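J.: Following the hints, put chain L in place on chain U, whose structure we already have.
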Amino acid sequence: MSADEAATTIVGGLKQAGINLVVTLPDINLAQLLRAVEDDPDILHVPLCREEEGIGICAGAYLVGKKCAAIMQNGGFFNSNNAIVSTLLQYQIPLLLFIYYAGDIGDRTFSTSGSMTEPVLQALGVRYYVMRETSDAPELIKRAQILAEDAKRPVALLLTKEVLGRRAALKSL
Amino acid sequence: MKRFDCLKLIAAEAKDALVVSSAGAMTLEWNVLRPSDGNFRVRTLGLCSSIALGMALGLPQRKIIALDGDGSLLMNLCSLPTIARMQPGNLLHIVFDNEVYEASGSKKTATACGTDLVGVARAAGIKKAMWANTIDGFAQAVSSAMTADDLCFVGAKVTAERTDVPPYPIDEVENKYRFIRYVEKTEQIAIIKTNLPASYA
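For the record, the sequence lines run as chains U and L.
So the first sequence is numbered by the numbering used here: it starts at 1 and just counts up by one.
So the second sequence is numbered by the numbering used here: it starts at 1 and just counts up by one.
Quick caveat, the hints were computed from the structure, so don't treat them as lab data.
No experiment lies behind these values; they were computed from the predicted model shown.
Beta carbons: idealized from backbone N, C-alpha and C, even for Gly.
It is possible that some hints are incorrect.
What the hints assert, rightly or not - Simulated DEER-style distance windows between Cβ atoms:
id, chain 1, residue 1, chain 2, residue 2, range
1, L, D150, U, R35, 28 to 34 angstroms
2, U, E38, L, Q61, 46 to 52 angstroms
3, L, C113, U, R143, 21 to 27 angstroms
4, L, T115, U, R166, 28 to 34 angstroms
5, L, G119, U, Q16, 24 to 30 angstroms
6, U, N82, L, A110, 18 to 24 angstroms
To be verified - Restricting the straight-line Cα-Cα distance to at most 30 angstroms, the calculated cross-link-like pairs of lysine-lysine (DSS-like) are:
id, chain 1, residue 1, chain 2, residue 2
7, U, K142, L, K185
8, U, K152, L, K193
9, U, K152, L, K8
10, L, K193, L, K8
Next up, chain U with everything else stripped away, as it sits in the complex (with noise of 0.2 angstroms):
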């Protein structure tokens, strides 16, 4: 499956899953989906420039009615700790975190970023699934923010390559 294909089947799962406000920070990999929710009129995107405001921000658009998601690599969750932990988790507040998982299994690159994501997300008491399959995306994700409200805490999903499909060229993005 392409990136593109990929991106769509993706937005479609957020779009089920009820979530109307996006905050994300580029990572190559994520350029397709990024684009994808960027192009989508139901989707209020919110661009950052620092993952952890992105916390707050869906934290404050929580508080007022709406459904959220923040996307970002796994670096942007390490920075975003502080936020997670004494904003979503001391108040109880659900989120939607996609984080693009760099140093996965298979990767040339942030083999150990890759070695600490999981187990700081298990720190946290933040519950997490690994995506591999496409297809299997809108249904994880409308169960991840059934679990992300009931639960009242921030739920993650972990974007592999797998996941996000093959990618266009450098040059044709």
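T.: Just chain L now, with coordinates in the frame of chain U:
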């Protein structure tokens, strides 16, 4: 200027605005001057401006006021270009600059050494960003921002002192529920829905 005097002026203008206030004594002072379930106290230093932006984007018909501090904003300066990019016309961002980390032992912040937060806000792309240098100027700035439909940033240099007020009466989770229920009631929307048990289906 005294922060408490400035907060009194905001309280007189705030009406039913939702107010997000940064960690520290300011929140306690504000809560005494305008006790309301429409107040949200921030506990993550720096996140005040971002939480207020999220509210402003989520509820564009409602005025949102962020009561920020210099230490807080310095920790999350990147919220300013993001706010400028989104241009929420219903957001009033007020920064009380006392040049110290008041709640953390009163060590100097960077604004004590020349950083100009209004200059930073303007350079980030917030056109209506101004210092209020007198209490009358502050009153005027807040009053005009409350009736305007564009993004506004007001800085006020205040003395590093706190007014003796009672502690914040509720914890974070109660603050969240009260705030959400207040928004639900005043906006006539449902935010937290509960489902019937499966046996009812």
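J.: So the hint says 18 to 24 angstroms: do the beta-carbon atoms of N82/U and A110/L match that?
T.: Holds: the Cβ-Cβ distance is about 20 angstroms, inside 18 to 24 angstroms.
J.: Hey, K152/U versus K193/L, does the alpha-carbon distance stay inside 30 angstroms?
T.: 12 angstroms, holds
J.: CA of K152/U to CA of K8/L, is that 30 angstroms or under?
T.: With a Cα-Cα distance of about 35 angstroms, the restraint between K152/U and K8/L is violated, given a limit of 30 angstroms.
J.: Within 46 to 52 angstroms or not, the Cβ separation of E38/U and Q61/L?
T.: Violated, at about 24 angstroms.
J.: For a C-alpha distance cap of 30 angstroms, please report whether K142/U and K185/L respect it.
T.: 28 angstroms, holds
J.: Please test the hint of 21 to 27 angstroms on the beta carbon pair from C113/L and R143/U.
T.: Roughly 51 angstroms apart at Cβ, these two residues miss the hinted range, so it is violated.
J.: With a cut-off of 30 angstroms on the C-alpha distance, tell me whether K193/L and K8/L pass.
T.: 36 angstroms, violated
J.: Is 28 to 34 angstroms right for how far apart the beta carbons of D150/L and R35/U are?
T.: 29 angstroms, holds
J.: I want to verify a distance hint. Is the separation of the beta carbons of G119/L and Q16/U within 24 to 30 angstroms?
T.: 45 angstroms, violated
J.: Is 28 to 34 angstroms a correct range for the gap between the Cβ atoms of T115/L and R166/U?
T.: 47 angstroms, violated
When the structure is compared with the earlier hints, violations turn up for hints 2, 3, 4, 5, 9 and 10 and for no others.
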